Amino acid sequence: MWCDNCKRETPLDKCEICGKETEQEVPQEIFWCEHCCAPIIVPVNLDKNNCKCPKCSSKIKYLSSDLRPVFPEERLLIEILLAEPFAYAKCSVWANSNRYYVDGKSKVLTAKHFNIKDVDFIIEAINQNKRENEEKYYPIFEDHIKNYLEINSDRLHYIENEAFSFIQNVSQKYTIEQLMISFSGGKDSTCVEDLAVRALSNPSIVHVFGNTTLEFPYTYQYVDRFRKNNPKSIFKVAKNKEKDFLDVCEDIGPPSRVMRWCCTMFKTGPITRVINNVYGQGKILTFYGVRKCESASRSKYNRLEEHSESMKIQKQSVASPIFYWSDFDVWLYILGNDLDFNDAYRLGYDRVGCWCCPNNGARSQFLSRIYMPELSKKWRDFLIDFSKKIGKPDPEVYVDSGKWKARQGGSGLASAEDVKIKYTNCTTEENAKIYQLNKPFDDSLLNLFVPLGKISKELGRKLIKEVIVLDVKTNMPIISIQPFSSQESEYAVKIKTMNLKDHESLQRMVSYQIRKYNACRRCLKCESICKYGAITIKAGSYHINEEKCRHCKACVSQKYLSGGCLMDKYLRTIKFEQR
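UniProt numbering puts the first residue of the sequence shown at 1, with every later residue one more than the last.
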């Protein structure tokens with residue numbers, strides 16, 4: 001919190017000196033002290049012309065909006081790229097994106113430095129100098145970090161106390177059994193985990209690690225260390241054991257920046273399953289390492305989300321203790337508290353999500369070619385083969401230029417046919433449509449109508465195998481479902497709506513369920529949407545539990561799931577409705 005009247009930070013909602021309401025977010029900037037050779041974080045409200053170092057009282061100058069430490073491993077790589085091994089070994093080196101600061105002096109690495117095709121010489125140079133770098137120059141780096149921690153100690157105490165206060169306040173209406181920590185293995189979740197455990201004085205909070213199977217090797221190593229060093233933590237691993245990432249890519253195409261189906265299928269969905277198994281239908285509070293400055297979309301979040309319909313997992317409230325922190329703050333907390341962390345950051349990675357994520361930049365891809373050459377080659381080879389499959393004229397250029405990251409829809413994929421809703425209006429009955437199916441009519445199709453009402457086989461005409469769906473409030477028939485012989489398709493179903501004023505809305509929801517039946521890839525999105533745990537994937541099939549379903553219709557609403565099925569977004573081509 002920031003008191004604009006007293007020009008000071010405070011962990012309270014009101015300034016304890018003047019009593020004025022405080023502001024939640026205080027933008028910070030990074031200055032540089034040449035005398036101490038260290039960065040200093042200060043509020044933007046302060047007079048920049050009179051800023052002084054808290055240690056030596058020297059005048060300091062503006063450096064950057066944010067900053068992160070450059071560890072000796074990354075520093076050596078930068079020196080090799082600039083053909084100057086150990087040139088900056090005794091310097092204090094920091095970075096913000098691709099801009100590096102050596103003893104406060106800016107040095108920019110352009111795209112050409114990360115577009116080197118043959119990285120073998122870089123790998124060889126790293127291996128040749130690795131031992132000397134660790135033994136001779138790591139102690140110098142550690143001295144710079146000690147100085148940085150000493151100068152910014154007030155900031156560290158403030159962000160710690162403020163985060164502790166936030167965690168304790170938001171946890172008051174929950175028992176310890178209703179709390180969860182989302183542990184990704186990244187720097188942000190490392191901070192949040194430590195903050196939550198310290199603030200609540202309880203290491204036995206449930207930790208959930210979403211193993212996408214695409215994590216950095218360093219992430220798995222860190223997670224193993226964490227579990228070994230924190231035996232009192234209840235640690236759950238969420239993993240989709242039924243799906244193989246490359247097999248799904250082959251079917252619906254690799255994820256892109258606008259179509260990241262992998263998040264739902266390999267992370268959110270499996271985490272939802274763990275939550276349902278551990279917590280049942282009760283409401284929980286999850287501590288996340290979300291930060292406002294990470295992206296434009298995250299800047300729109302709230303620090304505490306209790307009723308947001310945009311949350312990926314509907315049954316949880318989300319608290320983000322480090323929501324207002326910068327990268328500088330994150331590293332100040334990690335290094336200031338001597339926390340273990342993911343070694344990928346030592347190599348120069350900004351983020352450590354999935355190593356092949358389409359949101360990764362050129363520098364991250366470059367690092368993976370150096371430190372994960374086999375995985376990188378395998379992924380590039382797959383992308384090139386996929387590009388040929390969908391008819392790209394120059395597959396290697398399409399892949400290496402990063403154009404695959406902007407891919408949209410299912411053009412060139414046979415699976416794109418599955419999301420097209422093909423139907424004809426029945427000529428003999430009003431408000432009836434004949435939908436084409438891509439597999440035989442069975443009970444799994446009927447099960448998809450549970451959110452729309454009560455399924456009754458008894459009331460249907462047995463001669464034509466009709467099934468009736470009853471309105472849950474009035475017990476009146478509202479839908480008739482029956483198998484149908486069609487010239488257009490080997491499999492078809494006739495669905496009629498009745499006893500309604502608004503047939504169009506119900507038929508739209510019906511069409512969504514037909515799309516699910518034809519296109520379901522068991523992505524687990526619907527499981528995450530359902531607040532009541534009624535939707536599950538059982539034995540490879542989509543299943544809705546009639547006893548748990550509350551008929552809220554979230555799974556058939558545009559509000560939560562555009563097109564009624566996540567595959568509609570990923571496999572959409574040009575025109576869908578064919579009559």
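Don't take each hint at face value.
What the hints assert, rightly or not - Below, computed lysine-lysine pairings styled on PhoX-like, alpha-carbon distance capped at 20 Å:
| hint | residue 1 | residue 2 |
| --- | --- | --- |
| 1 | LYS48 | LYS105 |
| 2 | LYS433 | LYS501 |
| 3 | LYS283 | LYS531 |
| 4 | LYS439 | LYS454 |
| 5 | LYS377 | LYS473 |
| 6 | LYS405 | LYS377 |
| 7 | LYS420 | LYS569 |
| 8 | LYS117 | LYS501 |
| 9 | LYS90 | LYS52 |
| 10 | LYS117 | LYS473 |
Claimed, not checked - Derived CB-CB ranges, DEER-like:
| hint | residue 1 | residue 2 | range |
| --- | --- | --- | --- |
| 11 | ARG461 | LYS531 | 53 to 59 Å |
| 12 | ASN438 | ARG260 | 47 to 53 Å |
| 13 | LYS377 | SER201 | 45 to 51 Å |
| 14 | LEU304 | SER201 | 56 to 62 Å |
| 15 | ASP443 | SER201 | 37 to 43 Å |
Just so you know, these hints were derived from the structure itself, not from any lab. Here the structure is a predicted model, which is why all the values come from computation and not from measurement. Glycine included, C-beta positions come from ideal geometry on N, C-alpha and C.
Status of each hint after checking the structure:
{"no.": "1", "hint": "LYS48 to LYS105", "verdict": "holds, 19 Å"}
{"no.": "2", "hint": "LYS433 to LYS501", "verdict": "holds, 17 Å"}
{"no.": "3", "hint": "LYS283 to LYS531", "verdict": "holds, 9 Å"}
{"no.": "4", "hint": "LYS439 to LYS454", "verdict": "violated, 24 Å"}
{"no.": "5", "hint": "LYS377 to LYS473", "verdict": "violated, 58 Å"}
{"no.": "6", "hint": "LYS405 to LYS377", "verdict": "holds, 17 Å"}
{"no.": "7", "hint": "LYS420 to LYS569", "verdict": "holds, 11 Å"}
{"no.": "8", "hint": "LYS117 to LYS501", "verdict": "violated, 65 Å"}
{"no.": "9", "hint": "LYS90 to LYS52", "verdict": "violated, 25 Å"}
{"no.": "10", "hint": "LYS117 to LYS473", "verdict": "violated, 66 Å"}
{"no.": "11", "hint": "ARG461 to LYS531: 53 to 59 Å", "verdict": "violated, 36 Å"}
{"no.": "12", "hint": "ASN438 to ARG260: 47 to 53 Å", "verdict": "violated, 26 Å"}
{"no.": "13", "hint": "LYS377 to SER201: 45 to 51 Å", "verdict": "holds, 48 Å"}
{"no.": "14", "hint": "LEU304 to SER201: 56 to 62 Å", "verdict": "violated, 21 Å"}
{"no.": "15", "hint": "ASP443 to SER201: 37 to 43 Å", "verdict": "violated, 51 Å"}
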